[in-house]
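Asker: Sequence:
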Amino acid sequence: MASLSPQDPPWLQGLNPPQREAATLLDGPVLVLAGAGTGKTRALTARLAQILHERRAWPSEILAVTFTNKAAAEMRHRLGALLGPQAETMPFVGTFHSIASRMLRRHAELAGLKSNYTILDTDDVQRLLKRIIMDAGLDEKRWPARQLSGLIDRWKNKAQLPDNVPKGESFAFGDGRGAELYARYQAELKTLNAADFGDLLLHMIRIFETHPDVLAEWQKRFKYALVDEYQDTNAAQYRWLTLLAAKSLGGQGNICCVGDDDQSIYSWRGAEIANILRFEQDFPGAKVIRLEQNYRSTPHILAAAAHVIANNQGRLGKTLWTQLNAGEKVNVVAIWDGPEEARLVGERIERLLREGASASEIAILVRASYQTREFEDRFISIGLPYRIVGGFRFYERAEIRDALAYLRLISQPDDALAFERIVNTPKRGLGDKAQAKIQSHARAMGLTLPAAAQQLVETEELSPAPRRALSEFLANIRRWRGQMDTLDQAALAQAVLEECGYIAMLEADRSAESAGRLDNLSELVRAMEGFTDLQSFLEHVALVMENDRSDAEAKVTMMTLHAAKGLEFDHVFLPGWEEGLFPSQRSLDENGAAALEEERRLAYVGITRARRRATILHAANRRVYGQWTSAIPSRFLSELPADHVTVETTLTGGASLWRAALDERDPFADMERGSGRGPGWERATARSSEWRASAPGGLDRSTAKRGSVINARPISSSVGGAARDDLAIGARVFHAKFGMGTISGQDGNKLEIEFDSAGTKMVLDSFVSPA
1 MASLSPQDPP
11 WLQGLNPPQR
21 EAATLLDGPV
31 LVLAGAGTGK
41 TRALTARLAQ
51 ILHERRAWPS
61 EILAVTFTNK
71 AAAEMRHRLG
81 ALLGPQAETM
91 PFVGTFHSIA
101 SRMLRRHAEL
111 AGLKSNYTIL
121 DTDDVQRLLK
131 RIIMDAGLDE
141 KRWPARQLSG
151 LIDRWKNKAQ
161 LPDNVPKGES
171 FAFGDGRGAE
181 LYARYQAELK
191 TLNAADFGDL
201 LLHMIRIFET
211 HPDVLAEWQK
221 RFKYALVDEY
231 QDTNAAQYRW
241 LTLLAAKSLG
251 GQGNICCVGD
261 DDQSIYSWRG
271 AEIANILRFE
281 QDFPGAKVIR
291 LEQNYRSTPH
301 ILAAAAHVIA
311 NNQGRLGKTL
321 WTQLNAGEKV
331 NVVAIWDGPE
341 EARLVGERIE
351 RLLREGASAS
361 EIAILVRASY
371 QTREFEDRFI
381 SIGLPYRIVG
391 GFRFYERAEI
401 RDALAYLRLI
411 SQPDDALAFE
421 RIVNTPKRGL
431 GDKAQAKIQS
441 HARAMGLTLP
451 AAAQQLVETE
461 ELSPAPRRAL
471 SEFLANIRRW
481 RGQMDTLDQA
491 ALAQAVLEEC
501 GYIAMLEADR
511 SAESAGRLDN
521 LSELVRAMEG
531 FTDLQSFLEH
541 VALVMENDRS
551 DAEAKVTMMT
561 LHAAKGLEFD
571 HVFLPGWEEG
581 LFPSQRSLDE
591 NGAAALEEER
601 RLAYVGITRA
611 RRRATILHAA
621 NRRVYGQWTS
631 AIPSRFLSEL
641 PADHVTVETT
651 LTGGASLWRA
661 ALDERDPFAD
671 MERGSGRGPG
681 WERATARSSE
691 WRASAPGGLD
701 RSTAKRGSVI
711 NARPISSSVG
721 GAARDDLAIG
731 ARVFHAKFGM
741 GTISGQDGNK
751 LEIEFDSAGT
761 KMVLDSFVSP
771 A
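Under the UniProt record's numbering, the residues of the sequence shown are numbered 1 to 771, in order.
Honestly, the hints are just simulated from the structure, not real lab data. All C-beta atoms in this analysis are idealised placements derived from N, C-alpha and C, irrespective of residue type, glycine included. Warning: the hint list may mix true and false statements.
[Claimed, not checked] Within a straight-line C-alpha distance of at most 30 angstroms, the following computed DSS-like cross-link-like pairs (lysine-lysine) qualify:
#1 Lys141 / Lys130
#2 Lys761 / Lys750
#3 Lys130 / Lys437
#4 Lys437 / Lys427
#5 Lys433 / Lys141
#6 Lys220 / Lys158
#7 Lys114 / Lys220
#8 Lys555 / Lys70
[Stated by the list, open to error] The calculated label-pair distances, taken between Cβ atoms and stated as ranges, are:
#9 Arg351 / Asn116: 58 to 64 angstroms
#10 Glu460 / Pro413: 37 to 43 angstroms
#11 Ala436 / Arg269: 35 to 41 angstroms
#12 Lys167 / Lys190: 38 to 44 angstroms
#13 Arg481 / Gly592: 44 to 50 angstroms
Generate the whole structure from the sequences, applying the supplied hints.
Answerer: As structure tokens, then:
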């Protein structure tokens with residue numbers, strides 16, 4: 001129960017006991033473990049107000065660090081509502097970088113800078129690095145500036161200067177010259193009297209370590225420190241903070257860190273969960289306060305999230321609870337494939353809207369950004385308003401626009417805008433000067449850009465190198481245009497992306513975003529397969545791009561699980577809970593056991609975004625890189641508590657088998673952590689194969705018993721391989737979605753089947769079984 005003493009100041013009224021303790025225990029180090037939806041912002045603001053109310057420190061003697069400007073503004077706003085103008089006199093409430101920048105302005109000369117130094121943005125950084133790479137004699141196409149920028153940012157997040165970059169990491173760029181180029185970059189920044197965002201902390205760490213008097217000055221200044229989202233701190237932020245807290249803060253170590261180890265999901269940004277896990281070692285005698293009363297979600301939702309996250313080893317532990325009514329159980333739905341997933345979610349959202357729900361209180365949270373494409377297409381077709389948060393809509397992403405520009409120019413030879421976008425993408429030696437000549441010639445002759453370019457390759461106006469590059473580009477466009485009659489649109493798009501060098505460009509780009517951009521292109525190619533020709537697909541895209549309604553209209557939200565942290569919705573849909581997609585196989589391959597635990601934290605974050613209803617979906621089949629594959633349900637599904645989950649399926653005979661597998665608990669429990677395959681792998685794979693057998697139609701219907709997996713057998717599969725030898729033209733087969741049919745044609749592992757009730761369909765042989 002909350003403390004309701006009439007003598008309490010306004011900021012303490014209504015706080016529950018742990019919140020009150022976090023707000024009033026002002027002496028010594030404190031770690032507040034604040035679970036999802038437990039009111040940590042209110043407790044944090046109350047603590048600041050209490051410090052000022054008790055006159056423990058002047059406003060300028062409090063260091064309050066947040067991760068975003070929005071969070072800092074929210075803190076100031078709440079303090080202003082409680083304390084009035086006094087809240088505006090707190091100069092050190094802000095983000096790590098804003099506070100470090102304020103410090104660096106005072107000590108810039110100690111870092112070789114002037115106090116009026118410039119902070120470079122990402123574009124400025126990459127332009128500078130591009131020049132440094134070229135001056136070093138490296139091929140910028142092979143070693144792009146964006147890749148080096150990402151490496152340097154990673155090193156600065158680890159508080160590593162050029163001379164202490166590990167040799168192995170230095171070899172990640174320029175055949176071992178990464179650290180050398182990093183050193184050149186730092187020297188250039190000093191020449192320009194500039195710093196990037198990573199420097200703001202890095203310079204102050206260096207100053208603190210080499211000038212004890214400066215460190216002592218700042219240690220003496222601050223009497224209290226408060227850090228929000230402590231689980232997301234990286235090595236540099238951690239080092240900067242612990243240097244300040246070592247001997248300062250009133251001599252008592254008055255530091256309060258607020259965070260949730262179960263929501264540490266940003267390791268790819270450099271965040272280190274170890275920082276929060278070792279808080280009690282860093283600050284001996286620390287008091288740990290757990291905020292566990294959740295004000296957001298129903299008991300069923302909290303129980304589901306708690307059972308999943310309990311499987312993690314690296315956590316401090318807490319148990320969320322709520323006084324809200326039980327509400328609905330978490331709904332797990334097994335569906336046939338991605339298109340059906342989008343269709344089912346669309347239908348359920350329409351039902352919610354008819355029942356009075358607001359579209360703004362509905363969210364679809366995906367593991368990978370390319371998953372939004374099928375939902376976007378479906379919502380366009382049914383007129384359901386949506387918005388993409390934390391990124392572009394699928395067809396607005398740069399790589400998708402580039403690919404579409406190629407296809408538009410192939411389809412329409414006079415498309416000048418498409419020509420202008422891709423004439424030098426990927427780079428082929430047609431820089432600004434060559435493009436200006438094409439533009440000038442087009443204006444002078446009254447021609448479109450493609451027509452002007454064709455004339456220029458037949459003259460001497462362009463120098464030989466760009467003329468050859470332009471001639472080759474135009475020849476490729478003509479060749480691809482000639483293939484429109486012999487290749488279907490998806491095969492043509494794949495050929496164009498490979499032959500123009502776009503895929504090779506992304507594969508050479510080792511930035512964190514490149515893999516996702518390649519996934520998006522694969523999804524684009526897959527999306528084209530549902531259209532009769534290239535023109536109809538391009539028309540569809542044009543209609544999708546025009547679907548931009550008023551910002552004031554309530555819209556369904558689509559975003560990644562990473563972007564959803566800190567948000568909440570009444571109704572949350574979590575699609576794609578399958579092995580390889582979630583947890584991400586790429587993450588597991590790169591970071592093993594640590595990645596698995598972070599993926600599980602992502603699952604926890606996703607479930608706890610829901611206030612009233614959470615729906616988890618997984619498909620029996622997914623199209624991966626153009627190939628249909630049988631999907632294994634995510635291991636996280638087996639970690640859900642049976643008492644708090646309802647299971648349903650759109651697949652014949654699948655529900656009971658799924659429940660049987662779920663009731664056996666975690667099929668991956670015996671797996672060697674991080675190895676991918678351990679003693680439990682074969683057992684888990686066999687069980688998932690048995691379940692899949694019931695989904696695509698491979699169950700032995702003559703002997704199978706409902707609720708049992710004993711007589712279930714996996715179907716034969718030849719996806720991407722040779723045709724099956726147990727099927728022939730004229731044979732009767734069964735398909736779980738289309739029913740009974742007769743094979744009328746065969747091309748490798750593709751079958752043409754005349755279904756009794758669904759008409760003639762082309763399907764892969766892995767989805768049928770002999771009748």
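Asker: Against each hint, give a clear statement of whether it holds in the structure.
Answerer: So, going through the hints one by one against the coordinates:
Using a Cα cut-off of 30 angstroms, the hinted pair Lys141 and Lys130 holds, with the two alpha carbons roughly 10 angstroms apart. With a CA separation close to 10 angstroms, the supplied pair Lys761 and Lys750 stays within the 30 angstroms bound. The straight-line distance between the Cα atoms of Lys130 and Lys437 is roughly 25 angstroms, inside the 30 angstroms bound, and the hint therefore holds. Restraint check: the Cα-Cα separation between Lys437 and Lys427 comes to about 17 angstroms, which is no more than 30 angstroms; the hinted pair holds.
Between Lys433 and Lys141 the alpha-carbon distance is near 19 angstroms, which keeps this suggested pair within the 30 angstroms criterion. Taking the CA atoms of Lys220 and Lys158, the gap is about 26 angstroms. The hint holds against a cut of 30 angstroms. Pair hint Lys114 plus Lys220 holds up; C-alpha atoms about 25 angstroms apart against a cutoff of 30 angstroms. Straight-line distance between C-alpha atoms of Lys555 and Lys70 comes to about 22 angstroms, which keeps the hinted pair within the 30 angstroms bound.
One distance hint, 58 to 64 angstroms for the beta-carbon pair Arg351 and Asn116, holds here, with the actual separation near 59 angstroms. Checked against the given bound of 37 to 43 angstroms, the beta carbons of Glu460 and Pro413, roughly 24 angstroms apart, lie outside it. In this structure the hint that Ala436 and Arg269 lie 35 to 41 angstroms apart at CB holds, the actual value being about 40 angstroms. At about 25 angstroms, the CB distance of Lys167 to Lys190 disagrees with the hint of 38 to 44 angstroms.
Roughly 47 angstroms separates the CB atoms of Arg481 and Gly592, a value that falls within the hinted 44 to 50 angstroms.
In the structure shown, a violation is registered for the earlier hints numbered 10, 12, in ascending order.
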